[in-house]
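Peer 1: Full structure from sequences and hints, please.
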Amino acid sequence: MPKKILQVVESAFRATLEEQDDTVVWLTLAMRGAGGEFGVLLRGNAVNTAVRGQDPSGLAFGDRALRHHTDLAEDITRLIGKGVRVSVVAEDLAERGLRTEDLVAGLETIPRAALPDLFEKFDQVWHW
Amino acid sequence: MADKRTLTFVLMDPPFENARTTTALRLIDLAVKRGWNVNVFAYEGAVYVAFAKQTPHENKVHGHDLAAEDHPNTKEWVAAILAQAERTGAKVDWVQCGLCVDERGAGECIPGLRRGSPADLVAFTEASDNVLVIATK
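Those protein sequence lines, which keep their order, are chains S and F. Each residue of the first sequence is one higher than the one before, starting from 190 at the first, in the working numbering. Each residue of the second sequence is one higher than the one before, starting from 112 at the first, in the working numbering.
Since the hints were derived computationally from the structure, they do not count as laboratory data. Note that the structure is a prediction, hence the values are computed from the model and not measured. Glycine is no exception: its CB is placed at the ideal position from the N, C-alpha and C atoms. A few of these clues could be false.
What the hints assert, rightly or not - From chain F, some residues computed to sit far from chain S (all C-beta separations above 12 Å): (1) T119; (2) A130; (3) K164; (4) H168; (5) V172; (6) H175; (7) A194; (8) G218; (9) G223; (10) R226; (11) S228; (12) T236; (13) E237; (14) T247; (15) K248.
Unchecked claim - Here are the simulated lysine to aspartate or glutamate pairs, DMTMM-like style, with alpha carbons at most 20 Å apart: (16) K193/S - D291/S; (17) K248/F - E199/S; (18) K192/S - D240/F; (19) K192/S - E290/S; (20) K310/S - E237/F; (21) K248/F - D210/S.
Peer 2: Written out as structure tokens, the structure is:
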């Protein structure tokens, strides 16, 4: 059994335009494809990653347009589809005026007080 | 060696931007000094930490010419860590994320490193006593 890693993502929209991905979500998808076992916890500003209906299209510098814009919500959905448990901190949502129904389906919303129990379910916690 | 451990470090920052790169190299250096095996997964801007074309410069503000400034580039520090590993018997497996290298044109790294992918990080994780992520903030 591979070690179970919890990816705690706190920084939101880090280089998402030039990368056309969230760096950690991308890495998790790639490592999941290579056989790794993961969970993802979105906290702080990174809870915005899972909001439905984001549309960052239209970026262009001169005549060089970004052809494939970032679709963070779709990437989160893809993670869930690959069996990755994705959790969001409830208080971080509330502080930003977000509701669970604003997010993509399949996420787990958990209170801060439940984080220690979540951490216990993993062999390692990686804080990004 | 009974207490010979294997640690994996995931680096994300480009060099010269903040103190996290220095902290990472200090931790790696200490592990190597102890003879522990170290894996490094250089991700995103961290592929520039060992970029071969880094060039030292003089510092006129401080009145230093090139020799006096003796500006250490991070590639030299990485090379020094690799040399230290030769002396202590530590194995350093430093992987440069291949896609990160390509998108930055950072293919020229110092000798002793290798190109890899997230699959290497999976393997590192399985083979390590612990993993420390030092991420861009």
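Peer 1: Each hint needs a verdict: does it hold in this structure or not?
Peer 2: Do the hints match the structure? See the list:
1. With a minimum CB-CB distance of about 10 Å to chain S, T119/F fails to clear the 12 Å threshold, and the non-interface call is violated.
2. No Cβ of chain S comes within 12 Å of the Cβ of A130/F; the nearest lies about 17 Å off, and the non-interface call holds.
3. K164/F, annotated as away from the interface, keeps every beta carbon of chain S farther than 12 Å; the closest lies near 21 Å.
4. Distance to chain S confirms H168/F as a non-interface residue, since its nearest Cβ pair spans about 27 Å, more than 12 Å.
5. No Cβ of chain S comes within 12 Å of the Cβ of V172/F; the nearest lies about 31 Å off, and the non-interface call holds.
6. The Cβ of H175/F lies farther than 12 Å from every Cβ of chain S, with a closest approach of about 34 Å, so its non-interface assignment holds.
7. Under the 12 Å C-beta cut-off, the non-interface status given to A194/F relative to chain S holds; the minimum distance is some 30 Å.
8. Here G218/F stays apart from chain S, with its beta-carbon at least about 18 Å from theirs, past the 12 Å limit.
9. Every CB of chain S is more than 12 Å from the CB of G223/F (nearest about 24 Å), matching its label as outside the interface.
10. With a minimum CB-CB distance of about 15 Å to chain S, R226/F clears the 12 Å threshold, and the non-interface call stands.
11. With a least CB separation of 7 Å from chain S, S228/F falls inside the 12 Å interface cut-off, contrary to its annotation.
12. A cut-off of 12 Å between C-beta atoms contradicts the statement that T236/F is not in contact with chain S; the least separation is 6 Å.
13. The non-interface label for E237/F is inconsistent with chain S: the shortest C-beta to C-beta separation is roughly 6 Å, within 12 Å.
14. The beta carbon of T247/F sits about 6 Å from the closest Cβ of chain S, which is not more than 12 Å, so the claim that it is off the interface is violated.
15. At roughly 6 Å from the closest C-beta of chain S, the C-beta of K248/F falls inside 12 Å, breaking its exclusion from the interface.
16. Distance hint between K193/S and D291/S is unfulfilled; the C-alpha atoms sit about 28 Å from each other, more than 20 Å.
17. Distance restraint check for K248/F and E199/S: the Cα-Cα separation of roughly 9 Å lies within the 20 Å cut-off, and the hinted pair is therefore satisfied.
18. A distance of roughly 11 Å separates the Cα atoms of K192/S and D240/F; the hinted pair therefore holds under the 20 Å criterion.
19. Taking the CA atoms of K192/S and E290/S, the gap is about 32 Å. The hint is violated against a cut of 20 Å.
20. Note on K310/S and E237/F: the hinted pairing holds, with a Cα-Cα distance of about 17 Å set against a maximum of 20 Å.
21. This hinted pair checks out: K248/F and D210/S have alpha carbons roughly 16 Å apart, not beyond 20 Å.
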